[in-house]
Amino acid sequence: MWGVLAIALKVIDKSIDPYTIVWFRFLVSFLILLGYYLWQRPPALKILFRPPLLLVIGAACLSSNFIGYMMGIHYISPGNCQLISQIGPMLLGVTGVIIFKEKFTKRQFAGFLIAVVGFTLFYHQQLQASASDPNRYKLGVFIVLLAALAWTSYGIIQKIMIRKYPPQTLNLFLYFFPAVIFFPISTPSTLLTLTFTNWILLIFASLNTLIAYGALSAAFKYIEASKISMIVTMNPTITFLLMALMSFSGFHWIAPEHINATGGAGALLILAGALMVVKS
Numbered sequence: 491m492w493g494v495l496a497i498a499l500k501v502i503d504k505s506i507d508p509y510t511i512v513w514f515r516f517l518v519s520f521l522i523l524l525g526y527y528l529w530q531r532p533p534a535l536k537i538l539f540r541p542p543l544l545l546v547i548g549a550a551c552l553s554s555n556f557i558g559y560m561m562g563i564h565y566i567s568p569g570n571c572q573l574i575s576q577i578g579p580m581l582l583g584v585t586g587v588i589i590f591k592e593k594f595t596k597r598q599f600a601g602f603l604i605a606v607v608g609f610t611l612f613y614h615q616q617l618q619a620s621a622s623d624p625n626r627y628k629l630g631v632f633i634v635l636l637a638a639l640a641w642t643s644y645g646i647i648q649k650i651m652i653r654k655y656p657p658q659t660l661n662l663f664l665y666f667f668p669a670v671i672f673f674p675i676s677t678p679s680t681l682l683t684l685t686f687t688n689w690i691l692l693i694f695a696s697l698n699t700l701i702a703y704g705a706l707s708a709a710f711k712y713i714e715a716s717k718i719s720m721i722v723t724m725n726p727t728i729t730f731l732l733m734a735l736m737s738f739s740g741f742h743w744i745a746p747e748h749i750n751a752t753g754g755a756g757a758l759l760i761l762a763g764a765l766m767v768v769k770s
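Numbering (the working numbering), first residue to last: 491 to 770.
Just so you know, these hints were derived from the structure itself, not from any lab. Just so we're clear, the structure is a prediction, and the values are computed from it rather than from any experiment. Using N, Cα and C, we set each Cβ at its ideal position, and we do this for glycine too. A few of these clues could be false.
Quick list of in silico lysine-lysine cross-link-like pairs, DSBU-like style, CA-CA up to 35 angstroms [what the hints assert, rightly or not]: (1) 654 / 536; (2) 596 / 711; (3) 711 / 536; (4) 593 / 711; (5) 593 / 654; (6) 596 / 654; (7) 591 / 711.
FRET-style restraints, in silico, Cβ to Cβ [said to hold, decoys possible]: (8) 600 / 671: 40 to 50 angstroms; (9) 546 / 521: 19 to 29 angstroms; (10) 675 / 535: 18 to 28 angstroms; (11) 607 / 534: 37 to 47 angstroms; (12) 587 / 734: 15 to 25 angstroms; (13) 697 / 671: 48 to 58 angstroms.
Put together the whole structure using the sequences plus the hints.
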């Protein structure tokens with residue numbers, strides 16, 4: 491879901507401001523989850539009125555990640571945005587070992603190192619291919635790095651909170667908080683100017699939030715943060731493959747990515763390393 495998301499957001503970014511996009515995505519996700527809890531478990535709604543302080547901080551971190559990613563994708567390509575964002579799950583993997591006392595086997599540690607090498611090769615090649623406007627590129631990279639750090643903080647808090655609360659109960663507040671704080675700075679009236687295609691992409695991006703973060707929250711309950719981080723590192727590979735497929739098929743919504751042999755090798759190493767870590 492995240493691998494496809496970056497492409498959809500890059501297209502929508504041309505028609506509507508980032509604050510409105512983020513607000514709408516969270517609003518839709520919240521309303522759907524709210525409807526489910528009203529129907530199935532109304533008592534769980536009390537978390538909206540008395541949320542734990544740590545959950546509020548986690549929601550602020552997730553909100554920062556969303557708006558930072560959206561602003562970053564305005565300056566750099568979807569593939570590059572996805573690649574740089576992997577700093578977040580990489581850091582989450584490290585904190586999984588340090589904070590949660592998770593342990594790597596020798597094979598998993600080797601996979602982690604392979605993924606780091608792949609990440610380095612991939613990043614270096616894309617930096618060369620995308621740096622025609624250095625200042626714009628550097629600004630985009632800086633914003634996305636901040637967003638990645640915010641995501642790491644959210645991930646740590648989510649992993650802690652999942653011990654006491656059901657995953658989707660946490661998500662109910664995680665969607666509610668940004669839907670409220672982004673509303674005053676959003677411009678809902680601009681939604682009326684969207685084309686049918688952009689509406690489809692915006693709805694997809696909204697459902698993407700619900701599905702992807704619902705799955706992520708459930709994953710935190712069942713597997714280690716370090717393994718989750720390595721699975722997430724496959725996102726850039728998915729994005730670049732989809733971008734290549736779009737270019738080959740004649741879709742020209744956004745500029746194609748440029749990957750040479752070095753970048754391709756890096757992508758394969760990221761995928762191989764991730765699979766080594768995840769395999770039990």
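Holds or violated: residue 591 to residue 711, with C-alpha atoms at most 35 angstroms apart: holds (16 angstroms)
Straight-line alpha-carbon gap residue 654 to residue 536, limit 35 angstroms: Cα-Cα ~15 angstroms, so holds.
C-beta pair residue 587, residue 734: status relative to the range 15 to 25 angstroms that was hinted: violated (34 angstroms)
Hinted pair residue 593 and residue 711, Cα distance within 35 angstroms: holds (17 angstroms)
Supplied distance hint 19 to 29 angstroms, evaluated on CB atoms of residue 546 and residue 521: holds (20 angstroms)
35 angstroms limit on alpha-carbon distance, applied to hinted pair residue 711 and residue 536: Cα-Cα ~21 angstroms, so holds.
Hint check for residue 671 and residue 697 - Cβ pair distance inside 48 to 58 angstroms: Because 21 angstroms falls outside the window, the suggested range is violated.
C-beta pair residue 675, residue 535: status relative to the range 18 to 28 angstroms that was hinted: Holds, at about 26 angstroms.
Holds or violated: residue 596 to residue 711, with C-alpha atoms at most 35 angstroms apart: holds (24 angstroms)
Range hint 40 to 50 angstroms (beta carbons of residue 600 and residue 671) holds or violated: holds (43 angstroms)
Given pair status - residue 654, residue 593, alpha carbons within 35 angstroms: holds (23 angstroms)
Range agreement (Cβ of residue 534 with Cβ of residue 607, hint 37 to 47 angstroms): Hint holds: Cβ distance 44 angstroms, inside 37 to 47 angstroms.
Comparing the model with each earlier hint shows violations of hints 12 and 13; every other hint is respected.
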